[in-house]
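Residue numbers (numbering that gives the first Met the number 0), protein chains in the order written: chain R, 0 to 292; chain L, 0 to 378; chain Y, 0 to 334.
Watch out, some of these pointers could steer you wrong.
When the alpha-carbon atoms are kept at most 25 angstroms apart in a straight line, the in silico BS3-like pairs for lysine-lysine are as follows [as the list claims (entries may be wrong)]:
| no. | chain 1 | residue 1 | chain 2 | residue 2 |
| --- | --- | --- | --- | --- |
| 1 | L | Lys65 | L | Lys92 |
| 2 | L | Lys252 | L | Lys110 |
| 3 | R | Lys177 | Y | Lys107 |
| 4 | L | Lys371 | L | Lys253 |
| 5 | L | Lys285 | L | Lys298 |
| 6 | L | Lys325 | L | Lys252 |
| 7 | R | Lys117 | L | Lys252 |
| 8 | L | Lys65 | L | Lys297 |
| 9 | Y | Lys193 | R | Lys177 |
| 10 | L | Lys297 | R | Lys117 |
| 11 | L | Lys240 | L | Lys253 |
| 12 | L | Lys325 | R | Lys117 |
| 13 | L | Lys375 | L | Lys156 |
| 14 | L | Lys325 | L | Lys92 |
| 15 | L | Lys253 | R | Lys117 |
| 16 | L | Lys328 | L | Lys64 |
| 17 | L | Lys110 | L | Lys371 |
| 18 | L | Lys157 | L | Lys371 |
| 19 | L | Lys375 | L | Lys253 |
| 20 | L | Lys298 | R | Lys117 |
| 21 | L | Lys161 | L | Lys240 |
What the hints contain is simulated information worked out from the structure, not anything from laboratory work.
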Amino acid sequence: MDLASILQYLVTGLTVGATYGLTALGFTIIFNTTGIINFAQGEFVMLGGMMSVFFMRSLGLPEPAAIVLAVAGTTLVGALVERLAIRPVRDCPAINLVIITIGVSILIRGAAMLVWGKDTFALPPFSGSAPIPLLGAALMPQSLWVLAISLLILAGLKAFFSRSIHGKAMLACSYDPKAAALVGIGVERMVLLSFMISALVGAVGGAILAPITLTAFDVGVLLGLKGFAACILGGLGNPFGAAAGGLILGVLESLGAGLISSAYKDALAFVILLALLFVRPSGLFGQKDSKRV
Amino acid sequence: MKLARMVTALVFCLALLGCSKESDTLKIGAVLSVTGPASFLGEPEKNTLLMLQEQINAAGGVEGKKIEVVIYDDETDVNKCVMAVKKLIEQDKVAVVFGPSTSGNTLAVTKFFAPAKVPLISCAAAEKIVNPVDPWVFNTPSLDRHAAGRILADAQKKGYKKLAILTVSDGFGQAGRAVLQELVPARGFTLLADEVFGPKDTDMTAQLTKIKGLAPDAIICWGTNPGPAVVARNHAQLGLKIPLYMSHGVASKKFIELAGEAAEGLILPAGRLLASAQAPEGHPQKALLTRYVADYTKKFGAPPATFGGHTYDALMLVINAVKASKSVKPQDIRDNLEKVTAMPGAGGVFTMTPQNHNGLDESAFVMIMVEKGDWKVVD
Amino acid sequence: MGYRNDMRWLLGFLVVLLALPPVMGNNYYLTVLTMCCLNAMIAVGLNLLVGHAGQISLGHAGFYGLAAYTTAWLSASLGAPVGVSMLAGVALTSGVAALVGLPALKLKGHYLAMATLGFGIILSILFSETVAVTGGPSGFTDIPRLSLAGVEFTSDLAVYYLIAAMLGLVVWLSFNILHSRVGRALRALHTSEKAAQAMGIDIARYKLFIFVVSATFAGLAGVLYAHYLTFIAPASFGFTFSVELIVMVVLGGMTSIPGSIVGAFFLTVLPEFLRAFENIEVLLFGAILVLCMMYLPGGLADGFHRLWRWAWVRLYVRDVSKDDEAERGPGGDHG
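Make the full structure from the sequences, and use the hints.
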């Protein structure tokens with residue numbers, strides 16, 4: 000149990016955790032604007048990776064162009080989902096909307112299976128696969144890309160929500176949709192925008208992680224689950240909490256696998272999550288919920 | 000008036016449907032995991048079966064009878080598997096059932112076949128399926144024990160003493176793990192580490208780092224794509240020099256594609272299907288393997304995975320049995336399956352007896368190495 | 000619906016269940032029907048929790064599996080009589096539900112969903128990894144057949160009748176709960192927890208009670224399932240099945256017990272129908288789910304109810320206003 004091993008576990012955990020964080024961010028954005036948990040978020044991540052592979056292979060595009068196109072395509076899918084499946088039934092009880100998003104995720108998965116088959120695919124890493132030695136641990140260049148891009152997105156989103164008018168409008172929708180409508184904010188447009196941004200963030204996450212983890216039509220399920228867990232860990236509704244939750248979850252899993260038992264690593268992460276929830280019912284950084292009675 | 004016409008048409012259609020019951024076809028049912036976690040098994044099995052059905056029917060069928068194949072997808076779910084098997088036996092009234100693809104699902108349904116007097120040829124490799132022998136249950140994949148035996152023989156030849164194993168937490172990996180846990184100490188090695196990873200896990204550096212710390216002579220990774228491909232990549236990323244064995248679960252070009260350069264130099268046991276071109280001339284399997292690979296590649300755009308061979312062999316066994324007895328009745332098929340001797344198939348050369356319902360042994364495997372992105376037989 | 004109505008419905012349902020096998024003929028339909036009844040048992044319990052008490056559980060498959068594995072282990076590995084191990088399975092599941100429910104039900108909404116989800120996943124990992132006890136991912140084989148007090152249920156038909164009877168019992172118990180003081184407390188709780196608390200209702204106790212009851216029903220289904228199939232695998236008790244259960248309840252109609260039974264039957268039978276569509280089966284399933292939820296927000300039961308009402312009105316109710324118009328002439332009315 001030397002420093003090199005622990006460092007390796009940390010590096011791996013942070014890389015994997017970054018994707019959980021990006022998925023969790025997607026959940027948070029939609030939750031913040033609409034109050035719904037979009038169970039199809041994991042599928043957006045899957046689409047980012049799979050579409051990149053598809054555009055590279057069948058259209059022969061160079062990798063950066065394929066990824067840009069894939070992200071654009073997934074954003075479009077996000078918009079379609081909102082328009083066709085969510086907007087017509089905005090006033091449904093929350094649990095119906097959850098089931099609809101579950102149905103949408105099954106639909107997207109089924110379509111992906113039909114179009115691309117069940118095989119797994121690899122994306123080439125952005126800058127080669129020669130590992131960088133770091134104090135006895137090996138750091139993949141792709142991991143640096145993942146962490147850097149995730150930080151960029153986080154910073155971008157923070158700036159968007161606190162500085163730009165659209166971001167502030169979206170936040171207003173989450174506080175009180177009626178009040179937001181009263182001051183002239185187009186709530187429906189904000190909801191559409193939130194789905195598109197969520198899909199974008201998810202797709203980027205999928206594309207940057209695919210070179211490390213390989214991608215297939217069904218990677219969305221587990222990612223969605225872990226992303227949701229990361230959201231809850233960090234406190235639902237807090238973007239910073241979502242990102243932090245993702246990183247913490249990834250590191251916990253990695254340390255658990257390395258130091259305790261590889262068989263039970265997922266169980267360990269969830270046990271810690273549950274223990275945390277019992278102590279802090281709103282997650283690590285979540286605000287205490289206040290409701291009018 | 001319109002209503003009367005509609006009703007007449009409906010009755011006519013129903014009558015036609017009812018009339019389609021012919022007793023002069025060889026009706027074969029199959030329950031395969033075409034979707035779900037075991038789709039890497041079910042899809043090549045299904046494709047192979049359909050391709051062979053087409054070829055054989057085009058050539059006139061078996062003993063003058065056409066082959067009718069009914070395939071149900073159990074989605075790797077045991078409940079759906081049970082329902083599908085029941086449907087095949089009770090409603091579709093097939094003469095023989097192929098599959099299921101996974102050991103777990105097979106063990107769940109074996110008890111239905113003796114009372115129904117329909118033979119089952121499973122495409123799963125668990126020992127329990129054919130040991131103890133159920134008169135109505137057979138299987139075609141070569142046993143995990145044989146594959147593990149070949150790996151350990153190679154390790155012994157190279158003088159390795161301390162081994163680490165890394166297996167997947169699914170049916171395939173678990174069966175391999177059990178076999179390795181038994182054979183590794185039994186053949187004189189020391190088992191240093193016994194790590195596992197989940198079927199959908201995307202990063203195994205933690206497990207490999209742990210193994211690295213224990214300094215074994217070799218690592219045996221037992222699983223099916225994509226997990227072992229990630230293991231191979233992680234192995235290269237960490238700069239590990241410890242020799243890495245794979246299992247026959249990755250015996251398909253997909254593995255080389257996914258693992259990329261990290262696959263170079265890896266050794267695994269596989270059926271001769273994978274490197275059929277390198278089999279010696281005159282080997283009983285060579286001709287049929289070459290033809291199978293060529294036909295499958297032409298029809299589906301990629302060479303078949305080893306698992307496709309399971310249904311290939313099942314169908315060949317049944318045809319063999321039907322030719323011997325000149326009958327498509329389930330009882331006759333069962334009786335003649337047990338009499339098959341030295342029949343070359345995709346997975347090996349089969350010799351069934353009333354005590355051996357699998358028909359293969361260690362000679363079904365060859366050891367192959369990945370060299371320059373392609374397979375090369377080394378043993 | 001009043002108590003009398005509910006009981007009449009239950010009687011009718013039981014009669015249909017018991018009469019179906021002879022009508023259907025072959026064993027395949029019987030298997031499907033048995034699975035429907037088992038799923039319905041869990042769905043009814045979940046309905047009490049989700050539809051009436053307003054909580055959520057994304058880990059109910061865990062209770063189903065816990066009971067199944069307990070009875071399997073006790074009867075196959077330890078050799079206990081089947082009846083005893085089934086009872087132990089149900090009892091253990093109730094106990095675990097009480098233990099988990101105490102802290103978990105303090106959470107609200109999505110946090111509760113996560114807690115139950117996490118619990119379900121932890122159990123499913125335990126089932127998969129404790130190979131010595133559970134047989135691991137390949138499953139637990141050779142579970143003894145169903146037998147109570149020495150009487151073995153050798154035919155599938157006998158097992159089906161037992162399971163149908165158990166389902167009837169579960170539904171009867173649920174109706175009784177709903178029409179009792181507990182049911183009224185639950186409805187109050189669902190409407191507004193704070194208001195119910197202000198009225199002096201001990202919401203924590205009622206929430207825990209209904210959580211344990213729903214877990215017990217799932218456990219009952221689990222023990223029956225284990226001895227019916229004589230084989231269980233961890234894959235059947237994972238997150239996917241938990242989600243399917245919630246879908247059964249919501250799709251069928253959250254606010255009524257018959258609704259969740261309809262949902263359970265529909266969702267168990269639908270994949271069998273979609274078998275014919277092979278490749279697009281998953282796609283179709285997702286599409287049906289989305290469309291049903293969008294256009295039948297009250298669930299399938301509500302949909303049937305509305306269809307029934309529409310047909311009733313069409314057939315039996317005269318449009319009185321048309322008579323008036325005929326008398327008045329086509330001048331239309333003012334106002």
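| field | Violations among the numbered hints, reported as their numbers in ascending order | value | Result: hints 2, 6, 12 and 17 break, sorted rising.
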